[in-house]
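Asks: Read left to right, the sequence shown gives residues 1 to 430 (the numbering used here).
One thing to keep in mind: the hints can contain errors.
EDC-like cross-link-like pairs, simulated, lysine to aspartate or glutamate; straight-line CA separation at most 16 Å [as the list claims (entries may be wrong)]:
no.: 1; residue 1: Lys269; residue 2: Asp301
no.: 2; residue 1: Lys269; residue 2: Glu346
no.: 3; residue 1: Lys430; residue 2: Asp303
no.: 4; residue 1: Lys234; residue 2: Asp303
no.: 5; residue 1: Lys59; residue 2: Asp96
no.: 6; residue 1: Lys134; residue 2: Glu79
no.: 7; residue 1: Lys122; residue 2: Asp103
no.: 8; residue 1: Lys59; residue 2: Asp36
no.: 9; residue 1: Lys109; residue 2: Glu91
no.: 10; residue 1: Lys269; residue 2: Glu233
no.: 11; residue 1: Lys122; residue 2: Asp105
no.: 12; residue 1: Lys59; residue 2: Glu79
no.: 13; residue 1: Lys430; residue 2: Glu207
no.: 14; residue 1: Lys324; residue 2: Asp355
no.: 15; residue 1: Lys19; residue 2: Asp36
no.: 16; residue 1: Lys269; residue 2: Glu235
no.: 17; residue 1: Lys324; residue 2: Asp386
no.: 18; residue 1: Lys122; residue 2: Glu148
no.: 19; residue 1: Lys134; residue 2: Glu91
Source of the hints: derived by calculation from the structure; they are not laboratory data.
Predicted, not measured: the structure shown is a model, and the values here were computed from it.
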Amino acid sequence: MLHRRPWREELEIIDRTMKAVSGITDPNEMVQVYWDGVDDLWPMEHYVSLSRRGVEAPKVVVTRSSRFTEHFNPWTQREKLPVLSGGILSEIAYADKPMVINDLDQRLKPDDPGHFFLHGFKTLIALPQYEDGKGLNVGISLVGPGEEFDEAMLPMMHWQASLFGRGTQNLVLRNQLSAALADLDRELQAVGEIQRSLLPSELPRIEGFDLAAWYQTSARAGGDYYDFFPIGEKEWGTFIADVSGHGTPAAVLMAITHAIAHTRPGSPKPVAEVLAHLNTHLSKSYTPSGSFVTAFYATLDPDSGRLVYSSAGHNPPRLLRDGKIISLEEAGGLPLGILADQRYPEASATLRPGDVLVLYTDGITEAMAPMAKDGSRELFGTDRLDDLLCEHSGSTADQIVAAIRAAVTVFRSGTAPTDDQTIVVLRRLK
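Please take these sequences and the hints and turn them into a complete structure.
Replies: Below, the structure is given as structure tokens:
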């Protein structure tokens with residue numbers, strides 16, 4: 001007779017089983033450990049498990065049976081499991097309710113598709129495991145002639161089996177999600193590698209100037225972009241941009257911006273025409289969903305130090321001269337990709353020997369400190385950047401980039417960056 005053990009013995013068995021289950025990631029192993037625990041709790045030698053997942057009525061898959069001579073993994077070897085159609089097992093699988101058949105030996109016909117699994121038993125107890133109200137899986141216990149079964153145990157057995165079924169399905173979903181996230185991460189990593197390949201592999205050598213740059217995404221891929229364009233024998237174009245948003249969408253738009261910039265016919269000047277060309281193509285074909293690109297573009301004559309520039313809604317560059325920040329005349333228009341007919345007026349300045357021009361994206365000035373007790377978060381800000389630059393007035397371009405990176409990292413105090421970060425420094429040598 002199948003009966004309940006004293007409660008202390010039951011508690012010990014359940015606790016031991018739950019501890020074993022808690023560290024398992026393979027659903028097939030989890031089911032085996034669970035059934036071993038159930039067998040200790042309520043010894044029952046004969047069983048059948050059914051699944052109607054992936055088949056149409058009246059078909060049913062037999063996933064486990066005490067009469068199997070070889071056991072297969074229902075998740076990885078499903079094609080090796082028997083599929084039945086009709087009969088008592090099909091009736092049970094699609095009943096969507098617990099069933100107890102006490103006259104199984106009388107109801108079972110020799111031609112029943114489930115005869116092999118059911119013959120020789122008198123009583124059948126079927127407990128479904130539900131998903132969205134449907135018993136997609138069913139566990140069946142079988143009792144032979146002369147054996148007795150305490151039906152008062154059924155409610156607790158049903159409760160336990162149902163909860164375990166949900167736990168198994170959650171484990172399967174977790175594994176599927178982990179695999180999907182791993183695939184997505186590999187794809188994002190590939191996107192990030194492609195994106196980085198679009199950046200200059202090395203900085204140009206501009207006579208009379210010291211250059212440095214740094215680029216860091218907040219995710220695998222990002223939307224910041226910087227570039228240098230040779231103009232004639234000595235001049236250079238310097239470009240920095242920041243695509244709205246983060247991650248893969250921003251990285252794709254960044255790559256498009258790169259392609260448009262590099263396929264523009266003719267010389268990459270005048271500045272206003274380069275920005276207008278980018279803006280026209282982005283706004284007409286690539287930014288219908290509200291995305292946009294802030295950008296700053298300048299041409300530099302190394303001999304004279306003359307800088308001609310314009311901004312498309314980008315952060316104003318910092319010009320460091322004699323230990324002070326010098327304001328550049330504002331010139332430009334809206335970010336790229338908003339209005340197709342936008343114009344971008346130019347302005348000019350002269351970089352003197354010792355001057356430092358710092359271009360950056362807002363991931364620098366909008367880096368955030370850890371959250372305060374009142375829920376607020378302070379930004380790094382332009383004032384901190386200016387003070388830092390003034391402190392490093394005599395430093396090299398590489399030293400200035402390193403100082404900014406270090407200061408922003410300390411300011412965040414271990415919190416992850418919320419935006420991509422890019423710095424380009426041009427220092428005119430004395």
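Asks: Could you run down the list of hints and mark each one as holding or not?
Replies: For each hint, the structure was consulted:
In summary, the hint linking Lys269 to Asp301 is supported, as the alpha carbons are separated by about 12 Å, within the 16 Å threshold. In summary, the hint linking Lys269 to Glu346 is supported, as the alpha carbons are separated by about 11 Å, within the 16 Å threshold. Proposed proximity of Lys430 and Asp303 is supported: the alpha carbons are some 13 Å apart, at most 16 Å. A hinted pair counts as satisfied when its Cα atoms are at most 16 Å apart, and Lys234 with Asp303 qualifies at roughly 8 Å.
At roughly 15 Å between alpha-carbon atoms, Lys59 and Asp96 fall within 16 Å of each other, so this suggested pair holds. Pair hint Lys134 plus Glu79 does not hold up; C-alpha atoms about 23 Å apart against a cutoff of 16 Å. About 6 Å separates the Cα atoms of Lys122 and Asp103, which keeps this hinted pair within 16 Å; it holds. Among the hinted pairs, Lys59 with Asp36 is inconsistent with the structure: their alpha-carbon atoms are about 28 Å apart, more than 16 Å.
Under the criterion of a C-alpha separation no larger than 16 Å, the hint pairing Lys109 with Glu91 is consistent with the structure, at around 14 Å. For the given pair, Lys269 sits about 14 Å from Glu233 by alpha-carbon distance, which is consistent with the 16 Å threshold. Taking the CA atoms of Lys122 and Asp105, the gap is near 5 Å; set against the 16 Å cutoff, the hint holds. For the hint pairing Lys59 with Glu79, the CA-to-CA distance comes to about 14 Å; that is within 16 Å, so the pair holds.
Among the hinted pairs, Lys430 with Glu207 is consistent with the structure: their alpha-carbon atoms are about 12 Å apart, no more than 16 Å. Pair hint Lys324 plus Asp355 holds up; C-alpha atoms about 10 Å apart against a cutoff of 16 Å. The straight-line distance between the Cα atoms of Lys19 and Asp36 is roughly 13 Å, inside the 16 Å bound, and the hint therefore holds. For the hint linking Lys269 to Glu235, the alpha-carbon distance of about 10 Å falls within 16 Å, and the restraint holds.
Our distance criterion of 16 Å between C-alpha atoms is met by Lys324 and Asp386, whose separation comes to about 8 Å. Distance hint between Lys122 and Glu148 is fulfilled; the C-alpha atoms sit about 10 Å from each other, no more than 16 Å. Proximity of Lys134 to Glu91 is assessed by CA-CA distance (about 14 Å); at most 16 Å being required, the pair is judged to hold.
Going through the hint list in order, the structure does not satisfy hints 6, 8.
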